[in-house]
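Trainee: Given these sequences and hints, build the entire structure.
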Amino acid sequence: MAIKTENFILNIGPQHPSTHGVFRLRIVLDGEVITDLEPVFGYLHRGIEKLAEGRTYLQDIPFTDRLDYLGSMTNNHAYVMAVEKLAGITVPERAEYIRVILDELQRIASHLAGLGFFLNDLGALQTPLLYMFREREKIVELFDMCSGQRLNYNYYRFGGFVQDLPEEFLPALKILLDTLPGFIDEYEQLISTNEIVLIRTKGVGVLKRDLAINSSAAGPVLRASGINWDIRRNDPYSIYNRFEFDIPIAKNGDTYDRYMIRILEMRQSVRILRQAVKDLPEGEIMGKAPKLLKPPAGEVYSRIEGPKGELGFYLVSDGTDKPYRWRVRPPCLLNLSALKDMVVGWKVADLMAIFGSIDIVMGEVDR
Amino acid sequence: MSDFWIHLLVYLVILFGFVIVSVLIFIWLERRLIGRFQLRPGPNRAGPFGLLQPIADAIKVLIKEDIIPSEADKGVFWLAPLVAFVPVMLMFAAIPFADGVMLVDLNIGILYILAVSSVTVIGIFMAGWSSNSKYSLLGAMRTIAQEVSYEIPLVLSILGVVMLTGSLSMNEIVKAQDVPFILLQPLGFFVYLSAAMAEVNRTPFDLLEAESEIIAGFHTEYSGMKFGLFYLMEYAEVLAVSAIATTLFLGGWQGPLLHPVFWFIAKVLLVFMFIIWVRATLPRLRIDQVMAFGWKFLLPLSLANLVITAFEILIAPDINTAVLIGINIAVMFGLILLFSRFYKLGGGRVSIK
Numbered sequence: 072m073a074i075k076t077e078n079f080i081l082n083i084g085p086q087h088p089s090t091h092g093v094f095r096l097r098i099v100l101d102g103e104v105i106t107d108l109e110p111v112f113g114y115l116h117r118g119i120e121k122l123a124e125g126r127t128y129l130q131d132i133p134f135t136d137r138l139d140y141l142g143s144m145t146n147n148h149a150y151v152m153a154v155e156k157l158a159g160i161t162v163p164e165r166a167e168y169i170r171v172i173l174d175e176l177q178r179i180a181s182h183l184a185g186l187g188f189f190l191n192d193l194g195a196l197q198t199p200l201l202y203m204f205r206e207r208e209k210i211v212e213l214f215d216m217c218s219g220q221r222l223n224y225n226y227y228r229f230g231g232f233v234q235d236l237p238e239e240f241l242p243a244l245k246i247l248l249d250t251l252p253g254f255i256d257e258y259e260q261l262i263s264t265n266e267i268v269l270i271r272t273k274g275v276g277v278l279k280r281d282l283a284i285n286s287s288a289a290g291p292v293l294r295a296s297g298i299n300w301d302i303r304r305n306d307p308y309s310i311y312n313r314f315e316f317d318i319p320i321a322k323n324g325d326t327y328d329r330y331m332i333r334i335l336e337m338r339q340s341v342r343i344l345r346q347a348v349k350d351l352p353e354g355e356i357m358g359k360a361p362k363l364l365k366p367p368a369g370e371v372y373s374r375i376e377g378p379k380g381e382l383g384f385y386l387v388s389d390g391t392d393k394p395y396r397w398r399v400r401p402p403c404l405l406n407l408s409a410l411k412d413m414v415v416g417w418k419v420a421d422l423m424a425i426f427g428s429i430d431i432v433m434g435e436v437d438r
Numbered sequence: 014m015s016d017f018w019i020h021l022l023v024y025l026v027i028l029f030g031f032v033i034v035s036v037l038i039f040i041w042l043e044r045r046l047i048g049r050f051q052l053r054p055g056p057n058r059a060g061p062f063g064l065l066q067p068i069a070d071a072i073k074v075l076i077k078e079d080i081i082p083s084e085a086d087k088g089v090f091w092l093a094p095l096v097a098f099v100p101v102m103l104m105f106a107a108i109p110f111a112d113g114v115m116l117v118d119l120n121i122g123i124l125y126i127l128a129v130s131s132v133t134v135i136g137i138f139m140a141g142w143s144s145n146s147k148y149s150l151l152g153a154m155r156t157i158a159q160e161v162s163y164e165i166p167l168v169l170s171i172l173g174v175v176m177l178t179g180s181l182s183m184n185e186i187v188k189a190q191d192v193p194f195i196l197l198q199p200l201g202f203f204v205y206l207s208a209a210m211a212e213v214n215r216t217p218f219d220l221l222e223a224e225s226e227i228i229a230g231f232h233t234e235y236s237g238m239k240f241g242l243f244y245l246m247e248y249a250e251v252l253a254v255s256a257i258a259t260t261l262f263l264g265g266w267q268g269p270l271l272h273p274v275f276w277f278i279a280k281v282l283l284v285f286m287f288i289i290w291v292r293a294t295l296p297r298l299r300i301d302q303v304m305a306f307g308w309k310f311l312l313p314l315s316l317a318n319l320v321i322t323a324f325e326i327l328i329a330p331d332i333n334t335a336v337l338i339g340i341n342i343a344v345m346f347g348l349i350l351l352f353s354r355f356y357k358l359g360g361g362r363v364s365i366k
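Going line by line, the protein sequences match chains A and B.
Numbers 72 to 438, taken from our numbering, label the letters of the first sequence in order.
Numbers 14 to 366, taken from our numbering, label the letters of the second sequence in order.
Simulated from the structure, these hints should not be mistaken for lab results.
Since we're looking at a predicted model, the values are computed, not measured.
There is no bait here: all hints are sound.
Straight-line C-alpha distance at most 30 Å; calculated DSSO-like pairs for lysine-lysine:
1) K156(A) with K359(A)
2) K75(A) with K87(B)
3) K273(A) with K147(B)
Mentor: As structure tokens, this is what we get:
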């Protein structure tokens, strides 16, 4: 006699310990196996893109802080670069170097937070998270020195920075650069070869090469699937073509690769930082930019390689001091688009691991 | 007759007090230690070294609003914390704190403890089922799968000790340990501790209340003192498991110079700290991996342990203890390494039409 069975619909979120904010997932379960998944966004929608159209270009910088709030510096950079391109503002040499330094520090900080939360989702209590926050804290303190903020920095300006780096910044950065590789080794020792981490992540949630391209994934998620694509190398901006660094590529596209890519990227960021600190010139930190910016009418798309992927800004100017259209290309949202294909067929526990390995921040997904 | 009743009453009060106080201390100790593992101080505001923190927590739990979900099966919902908690308390009746210092020296002590401890599973399942919440139900499903399967290697690992002693009485088992059985039964100890950690839902087997997956599992819907009872139960279970491990494998209350009760508590704390250490270090396994670990890894190992022990008792009863210890430890490492090569834990992706 066959027993009549029914699938089990489970609503995960918007309030859930591992939805990284207010994300909602409607999953259909057959026992523990996920047979269908439907993501629901929008719980953190603040209408940033529309709000930005009502304010001047300068007043829009703080909005970018609040997109991916674990990557404020890179968000600032992406937006400021777009406006500079639109208005034809040049950036002094020293400011470009500082931008690279801050971007790479932000990349390390973002990856540390992302990996920490990913391991939390794997069920490792909070130990790895708090170890990684130990290092992130040092980077946040560096940012605090230069911008006076710990989370939403609002430090970049069109043509340079709001102020020069303080005196104590470079010595502290040098100490950090000396100690950081040792700490990354420590994480690798404790986590990368941990038997439980390996069986939980190897081969789990594979994002195939073709699907990664078709779903327009970017950043570590794309590179974990074996595609050599990094804006810093493929469409160089700022002064990235002056530095020597490798783009880490993995080939399996599973959860472990997405974890490993981030570890390797942190090492490369340290490499870039060392070169940038060595070559950092003296000079101006602010180019010639008018107080009230009125870019000529036109449109621009400008992109950078953010910690989470290709972060782009599409701006349309009608010649006034306010943007006509202000649009973000959010890497977090686009990386999520292949979630269903990665998750279906795996178990509830894997869903959290895969979801954590994509490393999203809801502030950017919902905007 | 009256002596018996006085002994029973006095002992019950002492035992209950001991369990409650040690649970409070365990909660404090765990939070402090995990704090240290995680580079933070841990609770340090209430009282010296935060010692009053568990008491503050207990008061908070007692005065919290007691919420019952409107769709819950109310009778079962009420009963579940009791069904889960009472057997754990009963387990302490047969654990010797010193020579003969126990509520009742049952001649089937270990069998009684195992039988009583398995009732807890029913309480947990009742809680998960009656809450009428999907997360709780998932937790309850995992309970049945996990706890029932780990019962088998648990019992088989203890059988080795029983064979060596020839008695089921806990006191006799302690007395028989001239050499702690952890040396004579290293494989048994390994299997026991792994299975016991799965039984009491400690990381890496804490699937029943996997926070990042199913929020709090079976006690998601519980609040107030009913939640407090589950919390108490979990720590009392860990205390019981540590006490059983101490009694069966670490020589129980035996020890030089100091009072037996001191040795007993010191060894219990040692096992408990090991469990905390594991919790602070390892991530969680997946449900199919947990099942595979139980059935494909621990069960064959515990059977092998049983066979080896039987051979040692039958064929070479007069063998030198030091040689036996060496052989046993070598066999343990050999078997564990061999088995870990053979089995792939857990299945892969299920294809969905």
